[in-house]
Amino acid sequence: MQAATDPNRQGKASAEAPPSDRLLAVAQGFEVDSEVHPSVAAEQPVLEIDRFNLWYGGKQALHRITMSIPHGKVTALVGPSGCGKSTLLRSVNRLNDLVQNVRITGDMRLNGDSIYDPRMDVIDLRKRMGMVFQKPNPFPMSIYENVVYALRIDGEGNRGVLDEVCEISLRGAALWDEVKDRLQDSALGLSGGQQQRLCIARAIAAEPEVLLLDEPCSALDPIATGKVEDLIQELRGRYSVLMVTHNMQQASRTSDYTAFMYLGRLIEYGGTTDIFTKPVLRETEAYVTGRFG
Amino acid sequence: MSSDRHRHRRLRSSHTALAAHGEPWVWLTAGCLAVAIAMIGGLLALITARGAATFWPVPLELVTAADGRRFLAEVAEREPARPETTESPGQSERLLLRTAAFAETGNHFEWIALSDVGRVSRPEWATVVERLEGGRLHGTPSRMLHGEQVVAEGPAAVWAAFEREHPAARRRWRQAMRLDRVDRGRLQQKLRAARLAVVAARLESGPGSAAESAAATREQQVQAEADGATRSLDARTAALRAENDGWIVEFETAAGGTTAVPLDGIVRAWQPNRLGWLGKLGVYGSRWGEFLADDPREANSAGGVFPAIWGTVVMTLIMALLVAPFGVLAALYLREYASSGPITAAIRVAINNLAGVPSIVYGAFGLGFFCYGLGAGIDELFFKSSLVADSQPVFGTGGLLWASLTLALLTLPVVIVATEEALSAVPNSMREGSYACGAGKWQTIRRIVLPRALPGIMTGLILAMARGAGEVAPLMLVGVKKLALDLPVDGTFPFIHAEREFMHLAYLIYDVGFQSPNSQAAQPMVFTITFLLVAIIAALNLAAIWLRARLRRRYVAQTF
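Those sequence lines, one after another, are chains A and B.
First residue of the first sequence: 1, per this note's numbering; consecutive thereafter.
First residue of the second sequence: 1001, per this note's numbering; consecutive thereafter.
Don't read these hints as lab results, they were simulated from the structure.
A hint or two may mislead.
List of simulated lysine to aspartate or glutamate pairs, EDC-like, C-alpha gap at most 20 Å [claimed, not checked]: (1) 1481(B) x 1219(B); (2) 1190(B) x 1390(B); (3) 1482(B) x 1298(B); (4) 1441(B) x 178(A); (5) 1280(B) x 1295(B); (6) 1441(B) x 145(A); (7) 135(A) x 1432(B); (8) 1190(B) x 1165(B); (9) 278(A) x 21(A); (10) 1190(B) x 1234(B); (11) 1280(B) x 1124(B); (12) 1482(B) x 1290(B); (13) 1280(B) x 1130(B); (14) 1481(B) x 1298(B); (15) 227(A) x 274(A); (16) 1441(B) x 154(A); (17) 1190(B) x 145(A); (18) 180(A) x 145(A); (19) 59(A) x 107(A); (20) 1441(B) x 21(A); (21) 1441(B) x 107(A).
Sample of chain A residues lacking proximity to chain B, with all beta carbon distances greater than 10 Å (derived) [stated by the list, open to error]: (22) 30; (23) 72; (24) 114; (25) 119; (26) 124; (27) 154; (28) 177; (29) 206; (30) 277.
Just so it is clear, CB atoms sit at the ideal spot from N, CA and C, and this is done for glycine as well.
Excised from the complex, chain A in its bound form (with noise of 0.2 Å):
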């Protein structure tokens, strides 16, 4: 890992020829180029990542990660622990700016505008965006005000206006008809996966443009990441989604697009079903078969 940081050793990249594995040749801080598919080319992109590198202090964490997330769709992030899914998703809302000693370089754009531009407003920004983490967070506070938290805070005071906006998400979120009888009930009182499908009524209560998951189904049992998937599905075409998960399984149920990370690289990238049964690259077959990684 240290070897990838060395900005000399790409001085050696060039002078010795890497190894024709890919993954092996990451390792070996040799840079390597991503597989992407002809068919996300075709999409219209609502989100592009653009020659994005980040560093946590001296450690680079991101590398030149470029790749487009189609509009309507649902695209997974793949990949062994610690090769940056999470980062590079927390990196699309800026979440990454709460962290010190974080640097960046390159551009993200959100229906064309440049995220990382300095004139741009990071809660204007994050109020275009939904994002569910890996443990649900509900606030401390009634079901009601927590799905409507983003208007909120907004200043949206209309009664009716929040009222409609409320049951819409939560019966996007399919959790309308559980909790409709106690919306001002705490939401803590709910069950895990309950809680979880909140968070999700909350982050498209405002519309976003994108919906950030993730990992949103790693806290749940079998039974709640069931209904959290079937949720997903429902969203697709309505929203566009961008999830990481552990999980190849869910990947191929759920998802349009799979990306394949490692070691804060894109590997290989393109549609769920062409990744799972004829990717290009060995490497990629290895992992989602699961026998490496």
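Fit chain B to the given chain A structure using the hints.
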């Protein structure tokens, strides 16, 4: 760990060691807790038992000593006598008698060896008299006089007459007292205000100016009105007092003398040897009522502690109101805004160290900075006339506000540390969730972090209140007085008089216990005051704990 053979050789014994079971540690830890609980429980039990027993009527014994002295007394204590302190060695025990015969013997209490006690009886009509002046009196009622005329004679008749006449006499006395203190006090205030207005006008527009002469005319008007009011007050109090004049009860003491007591000078009298259980309860309740609701008498060793209760409660509440916003905001900056680095760490260490500074240092600082610095400045700006007219500082001396501020300063570290703990206990996932919704920093703090941290902040506040309410040393420098009957809160504008000096229960413990001329009689009072102070602090804490439980249910727990 290469082979089983190897492993077996390393384990020396086949049975499990005592240390592995951990039982000694359970016993050690549980023992420490038990000792702590026993000490705290014992202290509270002592305070409660002694404090609650103070006002219970004790039978009066007529003790005749071998040398012929007679005492009508309560047995206050019974203890083994030390041979070197008694004249005749070999004594087994001695008694402490509360004789209340100060006028005759110069002592309120008397030690007597058990062997010197001759005859003991409980006379039926023995009476305890609490007097307004001169302390207690033990005796038997003999005569009741109205002027020259004898109203009643003999214990039974006098007692019946006393019970008939006493309530009305006391009522008249209280009325006259109220006229003197409240109405006359109000007149004095008005006069003083008018006088100060003249001085203020002179200071503002120079001597001999039109404003000054106008103010002087007004002062004369006020003076004239006040003279009229005073005359009518004089007439009313004189009438009330005239009615009480001449009513006298005579008591025969154990030594054989007769003591005359004016009827309205008797606060309360009871005959413990005649009282049944219910009657004793009545006296007990009445004495508690006086203790809680009345002003102190006799250098604080008798009467009530009402002003001190007020002072303690109001000061503690003002302190909490002052320290809460300061501490919480400071902790918010430290935890949420300040970037972590050596300076932040140094500030944190400094705050923790502040908690260890002796409280008297805060008192000295409060006196120097708040009273003589800030207070003198306020006087210079707004109360100059008072300074010039009778060189009397208003804010430039100790007072409720300065005492509260000093204690707020003293308890600030507690609140800051507790608030920081509470803030850092709020999961980061909640903050991130809020940011991801597009909330700004302050919105996140206000809507997510603070509500969630509120129960923890309350805990800090409870600790601060408990510490502040029991503090004495700094208060002695910044405004607590032995006697201050004017409450910091009353019906005259502006209702809260933050500049007034006040009384405090904790200081009263020191004053009554160690500065009282009649310390034996004051000792039970000390226990009672302590009991009351502990009860008040417990009540304040319980209120805060109840509030915290409500907040916790609302913001942290699983359900509302």
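Quiz item: Which hint numbers does the structure go against, in order from smallest to largest?
Solution: Numbers 1, 4, 5, 8, 15, 17, 20, 21, 26, 27 and 29 - these are the hints that the structure violates, sorted from lowest upward.
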